Every structure is written in structure tokens, then in C-alpha cells.
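One-letter residues, chain by chain:
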Amino acid sequence: AQSVAQPEDQVNVAEGNPLTVKCTYSVSGNPYLFWYVQYPNRGLQFLLKYITGDNLVKGSYGFEAEFNKSQTSFHLKKPSALVSDSALYFCAVRDYGNNRLAFGKGNQVVVIP
Amino acid sequence: EAGVAQSPRYKIIEKRQSVAFWCNPISGHATLYWYQQILGQGPKLLIQFQNNGVVDDSQLPKDRFSAERLKGVDSTLKIQPAKLEDSAVYLCASSLSGDSNQPQHFGDGTRLSIL
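If you read the sequences in order, they're chains A and B. For the first sequence, this note's numbering gives the first residue as 1, with consecutive numbering after it. For the second sequence, this note's numbering gives the first residue as 1001, with consecutive numbering after it.
Keep in mind the hints are simulated off the structure, nothing from the lab. Among the hints, erroneous ones may be present.
As the list claims (entries may be wrong) - No more than 35 Å apart at the CA atoms, straight line, and that leaves these computed lysine-lysine pairs for DSBU-like:
(1) B:1015 with B:1062
(2) A:69 with A:22
(3) B:1044 with A:105
(4) A:105 with B:1071
(5) A:77 with B:1044
As the list claims (entries may be wrong) - With the Cβ distance kept under 7 Å, some of the chain A side facing chain B (calculated, not the full set):
(6) 32
(7) 42
(8) 43
(9) 44
(10) 46
(11) 51
(12) 58
(13) 90
(14) 94
(15) 99
(16) 100
(17) 103
(18) 104
(19) 105
(20) 106
Every value quoted in this text rests on a predicted model; they were computed, and no experiment measured them. We treat Cβ as the ideally placed atom computed from N, Cα and C, and that holds for glycine.
This is chain A alone, in the form it adopts within the complex (with noise of 0.2 Å):
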């Protein structure tokens, strides 16, 4: 069955910094890879997916990913980060030819002033 990684519960950073949230998967085919975020008390927003192609990935509000596929990894980044980016981030995957998606613990993301 697929699963998630993310090793790190909280990431703390200075507003203006990089921002890098980790994640790992193992699946037995090929991967199809997502990341969500979460505000308090509010549900999921899809930020970005891999499926085939570039390896890099542009999303929602400045977020990027690169898929790596010998390392297993798909790390979540924006260059330059906000306060309002603090909120929970999931990374998910989903096994092609299996529909559920597995979804990892979260990372708590903290931006500081």
C-alpha cells in the first residue's frame, strides 16, 4: 500500500526566507503526488499535483515541488516566505490504478515576523 513520510512536525522560518517542507513516499508503481494546506479550522485546499512530466512543479500562492524520483521525494518550497503561509501542510500520494490517497501527518509551518 502507499504511503507518506513527512519526518519533520514543525517548521519554523523567518518571514522572507525559503520555506521547504519535507516529504517521502513509497508506492509500487508510478506516483501521483499532491499537497494540500490546511487553516485552522477549515478543510484541505489543494495546492499542487506531479503526475508525469517536468519535475518541478508550480502551484497555488508561490508554491513550487520537486518530484525526485530516486530519492522518493517530493519537497514542498516557496522562495520567499509570508506570515499568512503559516497553516498545516499534508503531502499525499496516490498509486496509479489505486484511487485512495494516503496522506502523510502533516507539518505545522510557522513563519515568523
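We have chain A already, so just place chain B on it with the hints.
For chain B alone, kept in the frame of chain A given last:
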């Protein structure tokens, strides 16, 4: 476009009582999902519908949980009887189709507290 609508937003019940949650997906979305999100964890799929048919309910505790999507539009998730470990946020999501490359769109959830 209107998003996924869920109600109620909050519910407090005592253990062994029953509770129901309602979800209305984005118009035209054929696939509907119910997730359970326990505090500190990622969402866990309970059941997936394609129109009014069940695609995946392998993680649904069928002795106490049930769900239906009779007309292939809105859906209801029920718990009867509730246990303390059912305290969680119940999220509904929808997607245009059940294809693996489709992103899911989530509602704001129902926060359930069991006393």
C-alpha cells in the same frame, strides 16, 4: 463556483448516541469522499462514492458507520452508536471524476466531540 458544503460544523454527543453528517459536493462532481481526521493525523479515507455507487469502503467500520449517496449528489454519513474514539473532524471531499490524477476539493468539515 460554490465549494463543498458540510453541516453541521460542530456536534457534541454522548457515547452510544447516534449522529449524522451531511455533505453537498461541488456541482457536477461525480466522485465523493468521506474522511476521518483525528487530531495530529492526516485524513483517513472512510468511503468513496462514484455517482451513487460505492467504490471503496474497506476502511469504514461497518458495525457502526454507514453512508449513502442515493441520488448521486449529496451524501450522509452516520455513526450509530458513537464511541469515544470517534472524536475527530469528518471531512467531505469531491472530485470531477475518480481518476487518480484529479485533485480533491474539501469542505470545512464537521468537528465531532464524544463525551
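Report task. Could you tell me which of the numbered hints above are not met by this structure, giving the numbers in increasing order? Result -> Hint 12 contradicted; others consistent.
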